[in-house]
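*Asks:* This is what each chain is made of:
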Amino acid sequence: MQKIIVCLKRVVDYNVRIRVKPDGSGVVTEGLKMSINPFDEIALEEALRLREKGQAQEVVAVSIGPEDVQQQLRTALAMGADRAILVQTSAELEPLAAARILHKIVLSEQPGLVLLGKQAIDDDCNQTGQMLAALWDRPQATFASKLELKGTVATVTREVDAGLEVIEVDLPAVVTSDLRLNEPRYVKLPEIMKAKKKTIDVVAIDSLGVDAAPVLRVTRYDTPPVRSKGGMVKTVDELVTALRDRGLLA
Amino acid sequence: MSRILIIGEHDGRQLNQSTARCVACAAAINSASIEIVVLGASSNDVASAAAALAGVTGVLTVRTAAGSPALAAVLAPQIAALAAGYDYVLAPSTTFGKDLLPRVAALLGVPQLSDVMSVLGPRTFQRPIYAGNALVTIEVPDGTKVVATVRGASFKPVGTGPVAPIRAVEVSASLPTHTRFVELRSGKADRPDLQTARLVVSGGRGVGSAENFALLYKFAEQIGAAVGASRAAVDAGFVPNDMQVGQTGKIIAPELYMAFGISGAIQHLTGIKDAGTIVAVNKDGEAPIFEIADIGLVGDLFEIIPEIEKRLR
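Going down the list, the protein sequences come from chains C and Z. Heads up: the first sequence at position 244 corresponds to 244 in this note's numbering, and the numbers run straight through without jumps. Heads up: the second sequence at position 95 corresponds to 95 in this note's numbering, and the numbers run straight through without jumps.
Keep in mind that the hints were calculated from the coordinates and are not lab data. Quantities reported herein were computed from a predicted structural model and do not represent experimental measurements. One or more of the hints may lead you astray.
[Unchecked claim] Straight line, CA to CA, 25 Å or less: simulated SDA-like cross-link-like pairs of lysine to any residue:
no.: 1; chain 1: C; residue 1: 234; chain 2: Z; residue 2: 291
no.: 2; chain 1: C; residue 1: 150; chain 2: Z; residue 2: 175
no.: 3; chain 1: Z; residue 1: 273; chain 2: C; residue 2: 226
no.: 4; chain 1: Z; residue 1: 218; chain 2: C; residue 2: 19
no.: 5; chain 1: Z; residue 1: 283; chain 2: C; residue 2: 19
no.: 6; chain 1: C; residue 1: 229; chain 2: C; residue 2: 19
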């Protein structure tokens, strides 16, 4: 195929533990390390491998967000994406709005495949890929742990509650990645230098003519109740006694 | 008064317990009716089980091509067509519901709420974000259909009640052929189901190998428990993916969760927060799992499990 689009979201890094603001108005994200959403990074890695196998000619990384998102797109370019598109906005978007924006990009770029993570680790929504597939009226293969392309058909192994489900979808299609699809490569310094010469096209969100206004009202944020630390036991006898006292074991 | 439609999850023969958990969520919303739609079940048992759930006022059955498994691309247009008469569309936050409902929401042109964990008002819901490190309260404005997946671990399944009427409905929607089911490879053994089990025995990287997991299976069998695993154990190939517990695996709420050789990454803890009692056994006394365990025991799981077995005999 000619082209794969990979959608990336900038999120608070996987290793950072976030805090809720004391007044419940949001989550503290200022000054925290930001990264490509790990699931999206896996999606990008998969696209790069397909291109390296000669199954695609070009990998285009697309993101939506403020100017800072260019940092993550630069990382994507350093990993090996050929070019990038940033739909610039400072507004918080719901997944449906993101899907509408991505749909516009997909219509103008006409990729043979769209890859993205199954969920973003900030809002944990797990919606955007499915919504994009619906708007585009194309197949979706979510939670992919294996992806094989043959002609105009993709065979995808999906991680589902009951085990592994294999489905076949006609291309173009939307595939969302699960954790075990691959292990993303590390970026080496020369590639970071090379990536500086690659292009990031910045598109103003207003130019797309998409209804991206939020519908849902977020009224407050709370810190979840913490499970209090219990006690330690020293022996198996104590453990078994404690479980019997609670009526959990006979 | 408002009407609620729940998408029933089943494997063709049996209704999944996640559906009864959705009904519990629906019951917390002040509505005139709660209906369950069952699409493409090969057995009548599925609709009968749905009709018997307490609080359900009706069951709709939709016939699809014989034996066709649940594919989101095929189901979504049918549900979107049915949704016209409802104010709420709910589905379980299982891989089935997560795959399907966003496609339905996009066809309806409305946003979706994922993983509703509590109902604060008829249009106000709470859900977890950042792997459960924050909870957010969301209000759906009047006039917007509420489309939401329900976090099963937050709701106890409803029992049975008066049997609701079942009626077959015809849905006119054009169904795509671009998505085809090939096969389902199930790692499932004869053990209790991880998502509904009262007791769960779980292993992590510390178990060391696929062969060593036999120790956990044997112990689980003795006490009638399901077996789970951390992401590390699945990634290492010790066990299949359907055993993974955590942010991106299964979120479970057993009465007893026994973690062996699991260090307790935050993503794993997200999956067990609602467990009744958490027991942790780990060689490393500094392992984060001990921070949330109700009962902790520092030691070697290979010595401790046989000792527990001996005392329970």
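*Asks:* Is residue 150 of chain C within 25 Å of residue 175 of chain Z, Cα to Cα?
*Replies:* Cα-Cα ~24 Å, so holds.
*Asks:* Checking one constraint from the list: CA of residue 234 of chain C to CA of residue 291 of chain Z, max 25 Å. Satisfied?
*Replies:* 16 Å, holds
*Asks:* Under the criterion that the straight-line Cα-Cα distance not exceed 25 Å, is the pair residue 218 of chain Z, residue 19 of chain C satisfied?
*Replies:* Outside the cut-off at roughly 41 Å; violated.
*Asks:* Hint check: residue 229 of chain C vs residue 19 of chain C, CA-CA at most 25 Å. Holds or violated?
*Replies:* Judged against 25 Å, a Cα distance of about 20 Å means the pair holds.
*Asks:* What's the verdict on residue 283 of chain Z and residue 19 of chain C, does the C-alpha distance respect the 25 Å limit or exceed it?
*Replies:* 30 Å, violated
*Asks:* Within a Cα-Cα threshold of 25 Å, do residue 273 of chain Z and residue 226 of chain C meet the stated pairing?
*Replies:* Answer holds: residue 273 of chain Z to residue 226 of chain C is near 9 Å, not above 25 Å.
Violated hints, in rising order: 4 and 5; the structure is consistent with all others.
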